[in-house]
Each structure stands twice: as C-alpha cells, then as structure tokens.
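Novice: Now for the letters of each chain:
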Amino acid sequence: MKRDYLLLLTLTVTILLLPPLLPGDYYVEVLLFAGINVLVALGLSLLTGYAGQISLGHAGFYGMGAYISGALTAHLGWPVPLAAITALLATAFVAALVGWPTLRLKGHYLAMATLGLGIILYILFVQLRGITGGASGLSGIRPVHLGDLYFDTPRRYCYLVWSIVVLAFLFSINLVHSRTGMALRALHYSEVAASTLGIDVAMYKLKVFVLSAVFAALGGILYAHYITFISPETFGFMYSVDLVVMIVLGGMHSIWGALLGGTFLSLLPEALHRLEDLEVMVHGLILLLVLIFLPKGFVGLIEKVGEKIHGAP
Amino acid sequence: MVNLIQYLFAGLTMGVIYALTGVGFNLIYNATGVINFAQGEFVMVGAMLLYTFQEVLHIPSPIALVLVVIGGIIVGLVFEHTVVKPLMPMGVITVIIGTIGASVVLRGGAMLIWGKDALAVSPLLSERPIFLFGAALNTQVLVVMAITALAVLFLWYFFSHTIVGRAIQACAMNPLAALLAGIPMEEMMALSFLLSGSLSALAGGLIAPITLAEYDMGTMLALKGFCAAIIGGLGNNPGAFVGGLLLGVMEGLSAGYLSSGYKDALAFLVLILILLWRPEGLISRGRGERV
Amino acid sequence: MQKVKIKVAKLLIFSLGLFLLTYPFTSSQAEEAYRIGAIFAVTGPAAWLGDPEKKAVELMVQRINRQGGLLGKRVKVVIYDTYGDPQAAVLKARELITRDRVMAILGPSRTPTSAAVMKALQLDREENRFQVPLVSCAAGRILTKPVKPWVFTTPQTNALAAERIVSYLSEKGIRRVGIIYVSNEFGEDGYESLKGSAAKHRITIVGVETYGGKDRDMTAQLTKLATKGPQAIINWSVGPTSVIVTRNFKELGLDKKGILLVMSHGQGNIKYVQLCGKAAEGVILPAGKILVAEDLPNADPQKRVLLSFKEAYESAYHEPVSHFAAHAYDALMLVVNAIKRGKVRPGDGKGLKEALEQYCRGFVGADGVFNYTPQDHNGLSVQDLVMLKVKKGRFILIH
Chain A
0 MKRDYLLLLT
10 LTVTILLLPP
20 LLPGDYYVEV
30 LLFAGINVLV
40 ALGLSLLTGY
50 AGQISLGHAG
60 FYGMGAYISG
70 ALTAHLGWPV
80 PLAAITALLA
90 TAFVAALVGW
100 PTLRLKGHYL
110 AMATLGLGII
120 LYILFVQLRG
130 ITGGASGLSG
140 IRPVHLGDLY
150 FDTPRRYCYL
160 VWSIVVLAFL
170 FSINLVHSRT
180 GMALRALHYS
190 EVAASTLGID
200 VAMYKLKVFV
210 LSAVFAALGG
220 ILYAHYITFI
230 SPETFGFMYS
240 VDLVVMIVLG
250 GMHSIWGALL
260 GGTFLSLLPE
270 ALHRLEDLEV
280 MVHGLILLLV
290 LIFLPKGFVG
300 LIEKVGEKIH
310 GAP
Chain B
0 MVNLIQYLFA
10 GLTMGVIYAL
20 TGVGFNLIYN
30 ATGVINFAQG
40 EFVMVGAMLL
50 YTFQEVLHIP
60 SPIALVLVVI
70 GGIIVGLVFE
80 HTVVKPLMPM
90 GVITVIIGTI
100 GASVVLRGGA
110 MLIWGKDALA
120 VSPLLSERPI
130 FLFGAALNTQ
140 VLVVMAITAL
150 AVLFLWYFFS
160 HTIVGRAIQA
170 CAMNPLAALL
180 AGIPMEEMMA
190 LSFLLSGSLS
200 ALAGGLIAPI
210 TLAEYDMGTM
220 LALKGFCAAI
230 IGGLGNNPGA
240 FVGGLLLGVM
250 EGLSAGYLSS
260 GYKDALAFLV
270 LILILLWRPE
280 GLISRGRGER
290 V
Chain C
0 MQKVKIKVAK
10 LLIFSLGLFL
20 LTYPFTSSQA
30 EEAYRIGAIF
40 AVTGPAAWLG
50 DPEKKAVELM
60 VQRINRQGGL
70 LGKRVKVVIY
80 DTYGDPQAAV
90 LKARELITRD
100 RVMAILGPSR
110 TPTSAAVMKA
120 LQLDREENRF
130 QVPLVSCAAG
140 RILTKPVKPW
150 VFTTPQTNAL
160 AAERIVSYLS
170 EKGIRRVGII
180 YVSNEFGEDG
190 YESLKGSAAK
200 HRITIVGVET
210 YGGKDRDMTA
220 QLTKLATKGP
230 QAIINWSVGP
240 TSVIVTRNFK
250 ELGLDKKGIL
260 LVMSHGQGNI
270 KYVQLCGKAA
280 EGVILPAGKI
290 LVAEDLPNAD
300 PQKRVLLSFK
310 EAYESAYHEP
320 VSHFAAHAYD
330 ALMLVVNAIK
340 RGKVRPGDGK
350 GLKEALEQYC
360 RGFVGADGVF
370 NYTPQDHNGL
380 SVQDLVMLKV
390 KKGRFILIH
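Here the protein sequences line up with chains A, B and C, keeping their order.
Residue numbers for the first sequence follow numbering that gives the first Met the number 0, beginning at 0 and rising by one.
Residue numbers for the second sequence follow numbering that gives the first Met the number 0, beginning at 0 and rising by one.
Residue numbers for the third sequence follow numbering that gives the first Met the number 0, beginning at 0 and rising by one.
Treat the hints with caution; some may be incorrect.
[Claimed, not checked] Just some of the chain C residues that point at chain A, by a computed CB distance under 8 Å:
(1) 41
(2) 42
(3) 85
(4) 87
(5) 94
(6) 110
(7) 115
(8) 141
(9) 187
(10) 188
Simulated from the structure, these hints should not be mistaken for lab results.
Values in this document were obtained by computation on a predicted structure and should not be read as measured data.
Where is the CB? At the ideal position from N, CA and C, for every residue including glycine.
For reference, chain A alone in the conformation it holds in the complex (with noise of 0.2 Å):
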C-alpha cells in the first residue's frame, strides 16, 4: 500500500514536471491522449483484476461520456461540469442496467454483452442524428473554463487531464486496498470461497463494472471538450479491443498496468507512423513480441528487475 502512494507520488511529480521539459506542444498532446488511455484502461483494469470479468464495449461508455456531456453543452447552453455529471450519472445507469443480469451468470457473459452493447451504442451515436450530429459528428461542444482560465491549449488541458488521472489512480488505491477491495481479489480467486464469507459476490462485480464504466465516460468527456468536435468513429469497437490490448500489455495483475499499456499502446503509433504502410503489420508483430516476452506485461517486467535487485522477495 505505502509502495502504491510512492508510485503515485512519482507520478504526480513526473507529470508536474513533464510538460515544460517537452521540445513542442505535439509531445503535450501525446502525454495529453496518452492520459485519457490511461484513464479508460484504468477502470478496465480494476474490472480485470477485481471481478475477473473482460469488457469488450468500453469505448461505447467513452462515447456516452463523451456524446451526453458534449450534446448538452453544445445544444442547451449547460455548462460543462453539470453536463460532465449528467453524463456519468446516466452512464452509470446503463452500465448498471446491463451489468445486473449478465453479472449474475458464471462465464464471460459480460464480455458479449457489452460487445452488443457497445455496437448499438454505437449505432444511436450514428442514428440519433437530432442530438448526436449523426455520422457528420456534434460540434459546438464548450471548452473547459475555471472563471477566465479557458483550458484550450494542449499543454493547460493536459496537466488538467492528468490531475484527474492521479485522482482516478488515488481513488482506485483506496479502494483496492479497502475491505471491499480485498474481497474483490478474493472473488477473483475463488468465487465460493468468498460467498461463503457473506460477501455479495455479485453486488461486488457490479459495483466494479459500473466504476469502470463511469471511468471511460469521464475519459470520454475529458476528450470531447478538448476537441471540441466529436464523430462516431472514435468510438467504434477497435477502441474497446484496444482497451483489452493495453491493460494485457501492461500487466492485467495490477492496476499500474494500465499506466504503462495505456501509454506504450498511445506511444507506439506516435514512434512507428514513419513506416508509412509498413506500419500496420509492424505494430501487429510489437505486440506479439511483447506477449511473448512479457507473459507478465510491463509491470511483471519491473517486477521481475526489482527482484534482481533487492534479491529475493
């Protein structure tokens, strides 16, 4: 627990310290996109390892956040923090309403509900045309302000997008190492074994889902009124398998793996874009090598170094 603030400590001060260190707002705002990873695959991650159950319909989450929060404020005039609120409350309900049954059944029902859940989410982005913009996408959103302070330049907004990082990453500190959390890593072990401590296995699971949801919605808003224009193709279902890929690629057994796989994953793209057409089949064999080298994703790595060092645990 103590090495998980000390992490969180680093982080706070790399971030704090990061962005006037870069050579051009272009590496801000890969910091900045890396972030909203982060934050997405974070709630994924405390799904993974803490109910033991797969989502394969975040980036649908992340376009509620992102659509409901940015809709208000482009056609009522709301100001963002209560469209921002909306939008997580009514992403909750959903996330609720399809967790309740499918969490329920044993197996990896989750993981197909919300792949359908995701593709009609999807779909109303698309049809809804009235409230979402259609397929030519909603603009007008509102940019972030504090008073006179407008959040509009990459290197404002970033710092902001990674507070909010930090906060998640407290947030889910707390509550892995809460009562609460150690049931939930019981359950993840032995489902029975944890029922029969009179623990609501599937209130637990639910109550994770729903969290993990209401991240990806926050990271949705946090990205729509960055750009200020949104289209459904940001949301579509490669998004939730990227998802899938950065919390694996980090290290599925801790919660800093989404740190490290959400930004290798955002990174990779950036550091690879010069291959031209060769890009594609390169990033594919990237992640086949870091899967057979990293059985255990980045965090077994550092792990692993660690051990090395102070020698055996």
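Starting from the structure of chain A, add chains B and C where the hints point.
Specialist: Positioned in the frame of chain A, the structure of chains B and C alone reads:
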C-alpha cells in the same frame, strides 16, 4: 409476399456468411477455449487467395478453391505454431490478445500484398440470379449454403463418430483427464487450427463473389460470426449454423419492415436478450450455470 | 516449449529488423524550403481514399522540384497517416505545425477528421495561435458553410453534385425518386443536399433507406424502396458499398422495371465499373471531368491540365487516376499557385491564406475551375461536374 421472401433471401445471403465464420470460431474455441480474433482475417486470406488463383493466374475455379483450402491449412498451422503454442502456457486471455496482434499482422500483410482497393471475384455458377417465388437469389448463396451444410455435417460426424474428433473434444472438456488418457494434446490443438483455417479460407473463397475481397473485411466478419456462435451457444457447431442464419434473417427482416439504419442495433439487442434468456445459447441441451 | 518460444522470437525479431531497415530516414533541412504538410487516411478503413491522395501529392512535388522548385526554392512535403481517425489527425496536424513547421496542411481526407483538426487547432477563428491554412480534401458542409477563415476545400461539394443530379432528372421528366445512402458523413451530407435540391425542382422523395459502410447486401433496402414506385433510385456512397448496391439493383431486375439507377460523384474512378462488371451498364452519375479527360472538347480549359496529370499519375503508379487523386492534386497546386502569384515567403502561413483568397480566382485545377474568395473557400460551381453514363465498361459523357 414476394417482398417477404426477398427480405428472407437478403437475410440468408448474409446469414450463411455469418454461419460459416461462426463455425470457424467454434472449432478453435472447442479445442482451446480461445476466442480467435483473427478468425475474420482467416476468411479474408481465403478471399484474397481465391482472387490471386482465379482472377490473376486464371486457374479453373474448382482447382483454385482446393488451393485456397491448402492455403488456409498453412495459415492455420503457422498461426497455431507461432502465436498460440508459445502463448498457451500464459493463459487463455494472453492467447486471445495474441490473436488480436496476429490479426493486425495479417491485415497489414494483406494490405501490402493485395493493396487497399476492393477486388472482384467472379462467382462459381453464374452472375445471373435465379428467381424463386418471384424473388431473386444470388446463385453463389446456394453454393455457400450447400457447402456450409456439408461442412457442418462432416464436423458433426467427425466429432461424434471418429476417435480423433472425440479426442479433440476430450481435450477441451477436461485437459488433465485427456492427457492422462494419452491423447497427444499438441497434435489435437494443431489439428483444430488446421480445420478452422481450411474451413475459414474456403468460406472466404466462397463469399468473395458476394462481398468482394478487401484487406479489412475481417473485422466485420469476425464480429458477426462471433455473434452467430454466441446465439447458437459457443462451441456448438449446428448452433452456430442456425445462429448465423437467424442473425442474417433478423437483419434482413428489420431492414425490410422496421428501419435499415437500426437493423444492426436490433440484431445485437436480440443477442443480448438471448444471452439473458438462454445464456447457453438457443440450441443447447444443458443449462447455464448460475451463481 | 522453450525452444519453440526462442525460435518464434527469432523469427519475429528477424522480420521486425527487416522492416526497420527500410525505415525512411528524414533528411536534415538546412536550406530554406517551402515546407508543406499533408495528412491523409493512407491506411485504415478509408485507405482507398488516402492512398491515391498521397500518391498524387508525392508525384507533383517531385515534378515541381525537378522543374526548378517554387520561386527558386525547393518544396518539401511531409505526409502523415491519420488511419481515418480524428484523434490521430489532430495529433499529426499538431506535429506538422509545431515540429515540422509547415506553412500549410493538405487534407485530411474525410470530413470528421477535417472537422476535428479544424476545431482542435481553432482554424475556424480568424485569430488563432498557428495561422496555418488547411486545404482539406473532404466535401462536408461543416467545413465551408459558413466560411471558416483558415479552412479551404477542393472536392465538388455534395450540394453541387445533388443539384447536378436533380436538375438532370428534372429535365428528363422524372418526378419521383427513392434515396439510399451509406450511414456515414458522406451519405448523410448527400441526403441532406438531395432533400434541398429536390424541393427546389419539385421532385418527390418517395422513400429513404440507409446501410452501414461494411454491409455487403442491400437487396432488402432496394426491394423496400422499389415498392414505393420511384422512377429513379439515387445512391449516395463511396467505395465498395456502391458496387454492392449496383450489383443488387441488377440482380433484383429493377432496371427492367424501368427504374433508373443514379450514383453520387463518390464513384471516383473506373475501378467502380470494373468491380461491378456488367451490372454497371446504364448507371448514371455526376463526376469531375478527370474521369473523361480524353473526351472533353478541346475548348475546355481543364483538358490540358487533366490530361497532363492523368498521364503522369498513370505512368508513375500503373493504376487508373481517380477523383481522390484529383482532390489532393488541387490542394497542392492551389497552394503552389498562391505562393507563386502572391510571392509568399517560406513559412508565412498568413500570407499564404491571403494569397489563396486573392490569387486563386479562375485557377484551372483537376476538380474544376476554382474561384476562392474571402467569402467562398470551396470555389467550385455546378459547371465543374458533368453527367456520365456507363456504357460498355467505360464512362461516356451525356449531353
């Protein structure tokens, strides 16, 4: 009435495509418990290979199809050897992510080899449709349906009446017991990838005249094929067949009678409802486990 | 097991190494050059769109530099891939401006990516931090209506194409049309434009159907439309879906029922006809003149430009030239023309924007004759589209 039949035909056309992909999913799921995200890419490679053999090298269609099946066998085996086997000890989820990586590699490779434009492949029988009850039906659909039915029959016989087939099923049901019974697990795994690869490549070759061949056609196929398999109950081959047809027909009918914009949404809503109502799939003997 | 793993790893590393060897090194640029950026959907679901665009720009820049450059200086173009993804497009545009220090951006290929770049970089405001014009290859109305200070577009808009089609149908005495479109930004914008034009020419829209960009059977939608008794069915889409619509239309025998099939101007090259096979016979569509360059009357001001570009493109890449290549050709050549005639210095984005508005009147491009003004950042007119018919596997002009 004619319209209803036409909508049904539209549904069947896509339905057989979903069905074939769904069966390919099952073959791998049954032997390994892995959802193969590269399944759609297997189909894509089949379509592309048929284009090369039939349209570029002008090999007669039947021989070209045989070559496509051989190509599929190679893809399946190489895939099993380079991706699945090394990752298997690290758990099913890692393998699944591995298949995602491999699908990206296959897609990227196909883009380099065959380019970014869609390619046309001529049908096996005739370009002109036949008319049944006043509604038009692409003759290629009949070919696909016949071959899919044959494949499902063959698989059913193979898995329930041959020693090898039963051995594969045993591996999936209880790996430890299968190992103790002296079943060579690795060979069985390779065999199921061989089967899935060849069937999917054949599927690709058969559907290309209907859908065109394109390097990124796999994603859509995998998604719908996976749904077909879920509707029929994951792992159940006749189930996937029926599930695929059902999914296609649902789409056709909703496009005809409700709204073409929402047809996919309706299909997936039905998928979710089926999951809640019969988690083990529509066609299944056992009941799903509830906690 | 371990041995297998090592073998596999070796194989993967080997292939990775091979690819990295081909990694193109970017040369250092000590000399002063005109630095222009471009972002296209070179890979991903719209790759068939971005690929010819990239090729056209590379070809023309090579040609300009071979002929002594621009105002005595070299033109340096940096092209990045957006994968058709708005977020990637924003990042690449930011990279082009802040790292590669370009004075103009060509592209992106599609409307949502273009709109995301425009919004994120605030190019829709007169005063912004970058002062770099975006010459987009997308046709959506959000980019030019109302006019956005820093955004220009090159393709013929959907509104122009819709007007061309509807006025043609109206001349032919057609009063009832059905519309079918792909549910993406292109189809949606086309549908809205058709609604406007149809109302103007008093043509009734009897039915509207849609399909997804990855759908591969549209017989249900076409059957439903046909029951409403249209005299013509207008399809608005780009890429493979339009091939499927054409084939399904023929399979259902709708042409024999006297219904006319009309396509949008998204069928940007002869590949469409080749993919459709016989099914394309008799299809009518509006198009830029590039598709029929040889058949244009000699008096047409575009003929010389089109033939020269077409010949260069086809001999360089061994594939038929397309609308999409023309959009990118125009984006580059408009910028080059503005720099040349406005004597714009390298790096002066603001000067370039003003030159684009001032010196690109009557500019003869591949998509048409452009008339950029401060009030019009598309600058094309209905005259820049011709109506074509598919006959014996090729496009012919119908007068």
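Novice: Compare the structure with each hint and give your call.
Specialist: Each hint, compared with the structure:
For residue 41(C), the suggested interface contact is upheld, since its CB lies about 7 Å from the closest CB of chain A, less than 8 Å. Because the closest C-beta pair between residue 42(C) and chain A is about 6 Å apart, less than 8 Å, the hint holds. Annotation: interface hint on residue 85(C) holds; nearest CB of chain A at approximately 6 Å, less than 8 Å. Interface hint status for residue 87(C): upheld, as the beta-carbon distance to the closest one in chain A is roughly 7 Å, under 8 Å.
The beta carbon of residue 94(C) is positioned within 8 Å of a beta carbon in chain A (closest approach about 4 Å), and the interface hint is therefore held. With a least beta-carbon distance of about 6 Å to chain A, the hint placing residue 110(C) at the interface is held under the 8 Å criterion. Given hint, residue 115(C) at the interface with chain A, holds; its Cβ is 5 Å from that chain's nearest Cβ, closer than 8 Å. For the restraint placing residue 141(C) at the interface with chain A, the shortest Cβ-Cβ distance is roughly 6 Å, inside the 8 Å limit, so the hint holds.
Evaluation of the residue 187(C) hint against chain A yields a held restraint, the C-beta minimum of about 5 Å falling below 8 Å. Among the interface hints, the one on residue 188(C) holds; its C-beta lies about 6 Å from the nearest C-beta in chain A, closer than the 8 Å criterion.
Taken one by one, the earlier hints all hold for this structure without exception.
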